[in-house]
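Chains as they are written, first to last, in the working numbering: chain H, 1 to 197; chain U, 1 to 219; chain B, 1 to 255.
FYI, nobody ran anything at the bench for these hints, they're computed from the structure. Please note: incorrect hints may appear among the correct ones.
Now the in silico label distances, taken between C-beta atoms and shown as ranges [unchecked claim]: (1) U/F33 x H/L29: 40 to 46 Å; (2) B/L141 x H/Q120: 51 to 57 Å; (3) B/L141 x H/L29: 53 to 59 Å; (4) B/K17 x U/A217: 43 to 49 Å; (5) H/E191 x B/L141: 49 to 55 Å.
Keep in mind it's a predicted model, so treat the numbers as computed, not measured. The beta-carbon is built from N, C-alpha and C at its ideal position, and this holds for glycine as well.
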Amino acid sequence: MTVAISALAIALGTILGVFVGLALLYAWLPVRIIVRIYVDFIRGTPVFVLVLASFYILSIIGIQLNAFQAGVLAITLFCSTHVGEMVRGALAAIHRGQTEAAMAIGLTFRQIFLYVLMPQALRQILPTWVNAATEMVKASTLLSIIGVTELLLATQQIISRNFLSLEFYFLAGFIYFAIDFSIERLGRYVERKVAYS
Amino acid sequence: MDYRLNFDAVWRDFDLLLSGLGLGLSLAVVSIFIGSFIGLLAAFAMISKNNLWRRIAVFYVTAIRNTPILVLIFFTFFALPQLGLRLGKIESFVFTLTIYSGAYLTEVFRGGLVALPVGLREAGLAIGLTEWGTKIWVIIPVMIRSVLPALSNNFISLFKDTSLAAAIAVPELTFYARQINVNTFRVIESWAVASLMYVSACYLIAAGLRLLERKLAIP
Amino acid sequence: MANPLMVIENLHKKFDKMEVLKGVDLTINTSDVVSIIGSSGSGKTTLLRCVNLLEEFHEGRILIDGEEIGYTKKNDKRHRLSSSILAQHRALTGMVFQTFNLFPHLTALKNVTLGLRKVKRMKKEEAIETARHWLNRVGLLNWQDHHPGQLSGGQQQRVAIARAIAMNPKLMLFDEVTSALDPELVNEVLSVIKDLADDGMTMLLVTHEMHFAYDVSTTVIFMNEGKIGEQGPPSELFQNPKSQRLAEFIKNSTF
Chain H
1 MTVAISALAI
11 ALGTILGVFV
21 GLALLYAWLP
31 VRIIVRIYVD
41 FIRGTPVFVL
51 VLASFYILSI
61 IGIQLNAFQA
71 GVLAITLFCS
81 THVGEMVRGA
91 LAAIHRGQTE
101 AAMAIGLTFR
111 QIFLYVLMPQ
121 ALRQILPTWV
131 NAATEMVKAS
141 TLLSIIGVTE
151 LLLATQQIIS
161 RNFLSLEFYF
171 LAGFIYFAID
181 FSIERLGRYV
191 ERKVAYS
Chain U
1 MDYRLNFDAV
11 WRDFDLLLSG
21 LGLGLSLAVV
31 SIFIGSFIGL
41 LAAFAMISKN
51 NLWRRIAVFY
61 VTAIRNTPIL
71 VLIFFTFFAL
81 PQLGLRLGKI
91 ESFVFTLTIY
101 SGAYLTEVFR
111 GGLVALPVGL
121 REAGLAIGLT
131 EWGTKIWVII
141 PVMIRSVLPA
151 LSNNFISLFK
161 DTSLAAAIAV
171 PELTFYARQI
181 NVNTFRVIES
191 WAVASLMYVS
201 ACYLIAAGLR
211 LLERKLAIP
Chain B
1 MANPLMVIEN
11 LHKKFDKMEV
21 LKGVDLTINT
31 SDVVSIIGSS
41 GSGKTTLLRC
51 VNLLEEFHEG
61 RILIDGEEIG
71 YTKKNDKRHR
81 LSSSILAQHR
91 ALTGMVFQTF
101 NLFPHLTALK
111 NVTLGLRKVK
121 RMKKEEAIET
131 ARHWLNRVGL
141 LNWQDHHPGQ
151 LSGGQQQRVA
161 IARAIAMNPK
171 LMLFDEVTSA
181 LDPELVNEVL
191 SVIKDLADDG
201 MTMLLVTHEM
211 HFAYDVSTTV
221 IFMNEGKIGE
231 QGPPSELFQN
241 PKSQRLAEFI
251 KNSTF
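The following block holds chain H by itself, in its conformation from the complex:
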């Protein structure tokens, strides 16, 4: 469950985040301002508040989501703003000369983006993106509060039956550690693979 929540939120959040990042850089000014407010607002609010808010608010305004969906939505939004900032930062950091060189050989904006900017930005984003992914795994614990039976809530349920709180919290902590640590290692491996040689 923990893995499903995290994977789903990371995937959706990344896709949304790429658009957020592009909007922050290239969109029509009013759109850019709205997206900016969205990003700052979500980033300024604790994830926990996002989770609780999306759980309680959505049901009241008539969108029927279960706890799982509400939780995934909250983490997806959270993820999208982080990825958005990364994408914006990485694209902004690429030298202007790259775009000009690409225009000079007659590429269209779409082509420039796909073949010149994105490949460079991706290499830069990867390490921070891996970081963000581990953050999302950790944030998935927050769904236990709204009753999604992910790893932490399952742990608590077990503890409520056998009272072995020390052992089982330790076990839960270790499982999270294992997940995050392997993501980090995987990230570093991929990073080395795609690095300029």
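Following the hints, complete the assembly by docking chains U and B onto the known chain H.
Using the frame of chain H, we list chains U and B on its own:
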């Protein structure tokens, strides 16, 4: 959809929300303060030649940084009493947040220390300061200034993490927002106001810290 | 003749397996100005850093006023002394670095007072007075409240000299103090050093400024492959080099 916004219930309990915000800020301040000392010691341990110290520090940082903070909070609050360490809600949360921030600050400080020019330490030694004297009067003051931006970011994310104290019923902002939500069903209003309070607090803190950074910056 | 100020006996220093100093012997008397010249990699800077105890060395002794610094012998084994005693020994010498190494967060004045306050435990007023005296000597009294980042390289190096000499060391060490400077800033630093030498300050300098070494030194040392190749008064060394190596070195140096 038939929901009319009505902020009355929220305004009635606004002082509660404010006191919650204040508590959250205090929790963050106390934790980052004590956490800084842990972070400094662990950072020096990480770059020391002593294998044992280095391993302990690496273990501490890796373990804490890869564990969700909610698990740490529950562990301290529910599991540690079994080992005989019984803490109140607030003390327990501050304990967790301190250990947690210490691990993140270790990384920040380590980065700052590694980036310092070697000559700085040697210049301190050369005028006759001891190793610790050099650390206290030269290395730490210069390093702290160089990592202030990262320190500010850390403080803000720590402040946002105080929302998790609600999970063990520490009466801070999120706790009260949820209470108002449950008691009055002013769902949208309570969360909107709480979020806005978090966002504006973060903005103000960030602005204040940037001012401080500029003041402390080395000309 | 009075006892020598500093004696170096049979100094050996290794970096991993590479031996950089292969038995250096050197005696310096009070008010001597000793310049060390030699090609890079000959061990000049390492020798200076050993005297300031910034480097450990593996064999030999350094004595200042007859007392061994840095190491002690216990049961026939050499031990490096504790950090606090090393600090006391370091305070006997004043070191000026190639890259200045001023404390960037402190003003020029506070760069000088830090050691006076924390090492010499002077009172604040006394420390400020001493520091101002030396900043005046290096011509920077008007710059006392500036931070290193606001000073030119030459000014920074003069503050660094004031910082070292204010500690009242028995011996000043200068490690290629002008080689990181723009050419037009070299002279202001050299003239400060010459001024101190004329005052009778004992000095050991590593330098690439042959002209300066010729002018200011009482003794010049030519280091070659971790040993002292030749040693003598500047006129003798520069005009009648005995070895082929020194002759070549002088020929290739710009005067």
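Item to check | Hints violated by the structure (numbers, ascending) | outcome: Hint check: nothing fails, all pass.
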